[in-house]
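**Student:** Sequence:
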Amino acid sequence: MHYTLKHLRYIEAAERHQSITAAAEGLAVSPSSIAAAIDHIEAQLGQPLFARVPSRGIAATSFGRKIIDEIRLLLAAQARFDGKIADLEQRIDGTARIACFTPLAPILLPTILCEVRERYPNLMIEVMEGNWEEVVRAVDTGDADFAFCYGLINELVYRFLPLFVGHPHAALPATHPLASGRFVTLEQLAPEPLVVLDLELSRRYLMDLFATRGLKPNVVYSARSTDMMRALIAAGMCYGIFNIRPMSKQTYARGDLVRLPLAGEHDAPRAGVLTRRDVKLTPVCEAIIATCEMQAMRGEFDRAFVRPYLPQDF
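First residue of the sequence shown: 2, per the numbering used here; consecutive thereafter.
None of these hints come from the bench; they were simulated from the model. Just so you know, these numbers come straight off a predicted model, no measurement behind them. Built from N, CA and C at the ideal position, the CB exists for glycine as well. Mixed in with the good hints, there may be bad ones.
SDA-like, lysine to any residue: derived pairs with alpha carbons at most 25 Å apart [what the hints assert, rightly or not]: (1) Lys-67 x Pro-49; (2) Lys-281 x Arg-138; (3) Lys-250 x Arg-214; (4) Lys-281 x Leu-28; (5) Lys-67 x Lys-281; (6) Lys-250 x Gln-296; (7) Lys-7 x Gln-48; (8) Lys-7 x Ala-36; (9) Lys-281 x Glu-135; (10) Lys-67 x Gly-300.
Restraint ranges, calculated between C-beta atoms of paired labels, are given here [unchecked claim]: (11) Asp-144 x Arg-183: 38 to 48 Å; (12) Leu-153 x Asp-70: 28 to 38 Å; (13) Arg-160 x Ser-33: 21 to 31 Å; (14) Ala-78 x Pro-32: 21 to 31 Å; (15) Pro-247 x Arg-81: 21 to 31 Å; (16) Val-30 x Ala-77: 19 to 29 Å; (17) Pro-122 x Met-238: 39 to 49 Å; (18) Ser-31 x Leu-282: 34 to 44 Å.
Please work from the sequences and hints to get the whole structure.
**Tutor:** Dropping the structure here:
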């Protein structure tokens, strides 16, 4: 089989962005270069890696997911080699100030910072949490060097490195009648008691999901944290809609919950790293962001989201 690392990087980016155009923008290459890399590898393998989904971009086939998992392992090995060489060339130390959107912080930061600390033991890291507006404001004022958040940004002012797409999914009590299915619809959920996160961006996004389908959800509870939301759901009191999930099994005081993808097409925000275009990052920040990018390539964040059902999955 004949391929280059460039082919593999283009294919990995296409799957991570779930869009040829978005992958091309992220890598600063033409969409035709991404498409040519996909065509080349598909021709070599004799099977499609991606399914083209109208109005949604592309999604990996079952075969494609297996191949892309192997691609990420190979790219990760190459990145580790490059990293070791870079470590020999310079000693990274200093302080990084990181802002993080509150729902993302307890899920992403432990994975990210553990590896950062292992790779660069001399770094000092300051973390602040907040709602979306507070996180972006911290980057604007210089109180934070960069931020982890969803990518609802002005692209003329900010750069955004996507780590994964947060497809919306439902969390239901394990005893709920709908919990035994493979997916659930907003039409099925609308009359059920719903808990919402008491953050403006999160509430607005959730209401828009239902409004797009002419539905009005039955909001019964409001919680200040996703931990409280999950506890209420596990106790059988309501359901919730999330874009991200804990990467390890959670234990609740009462009951348990089940996560199911939402059927149909829905707005899905990208989670990633936000920086200002007019600010030059320090080597410390660049090292942390590079670590995040390698983790995304290796699939470290795959357990943080629920994959959507494709049309052929129904």
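**Student:** Run every hint past the structure and note whether it holds.
**Tutor:** Hints versus structure:
1. Lys-67 x Pro-49: holds, 12 Å
2. Lys-281 x Arg-138: holds, 17 Å
3. Lys-250 x Arg-214: Between Lys-250 and Arg-214 the Cα gap is close to 32 Å, so the pair fails against 25 Å, i.e. violated.
4. Lys-281 x Leu-28: At roughly 19 Å apart (the allowed maximum being 25 Å), Leu-28 and Lys-281 satisfy the hint.
5. Lys-67 x Lys-281: Not satisfied, since the Cα-Cα distance of roughly 38 Å exceeds 25 Å.
6. Lys-250 x Gln-296: holds, 20 Å
7. Lys-7 x Gln-48: Measuring from Cα to Cα gives roughly 20 Å; hence the hint holds.
8. Lys-7 x Ala-36: The hint holds at about 12 Å.
9. Lys-281 x Glu-135: holds, 21 Å
10. Lys-67 x Gly-300: holds, 12 Å
11. Asp-144 x Arg-183: 38 to 48 Å: holds, 44 Å
12. Leu-153 x Asp-70: 28 to 38 Å: With Cβ atoms ~29 Å apart, the hint holds.
13. Arg-160 x Ser-33: 21 to 31 Å: Holds - the Cβ-Cβ distance for Arg-160 and Ser-33, about 23 Å, lies within 21 to 31 Å.
14. Ala-78 x Pro-32: 21 to 31 Å: This hint holds: roughly 28 Å between Cβ atoms.
15. Pro-247 x Arg-81: 21 to 31 Å: holds, 27 Å
16. Val-30 x Ala-77: 19 to 29 Å: holds, 21 Å
17. Pro-122 x Met-238: 39 to 49 Å: holds, 44 Å
18. Ser-31 x Leu-282: 34 to 44 Å: Taking Cβ atoms as reference, Ser-31 and Leu-282 lie about 26 Å apart, which means the hint is violated.
The structure fails to meet hints 3, 5, 18 from the earlier list, while all remaining hints are met.
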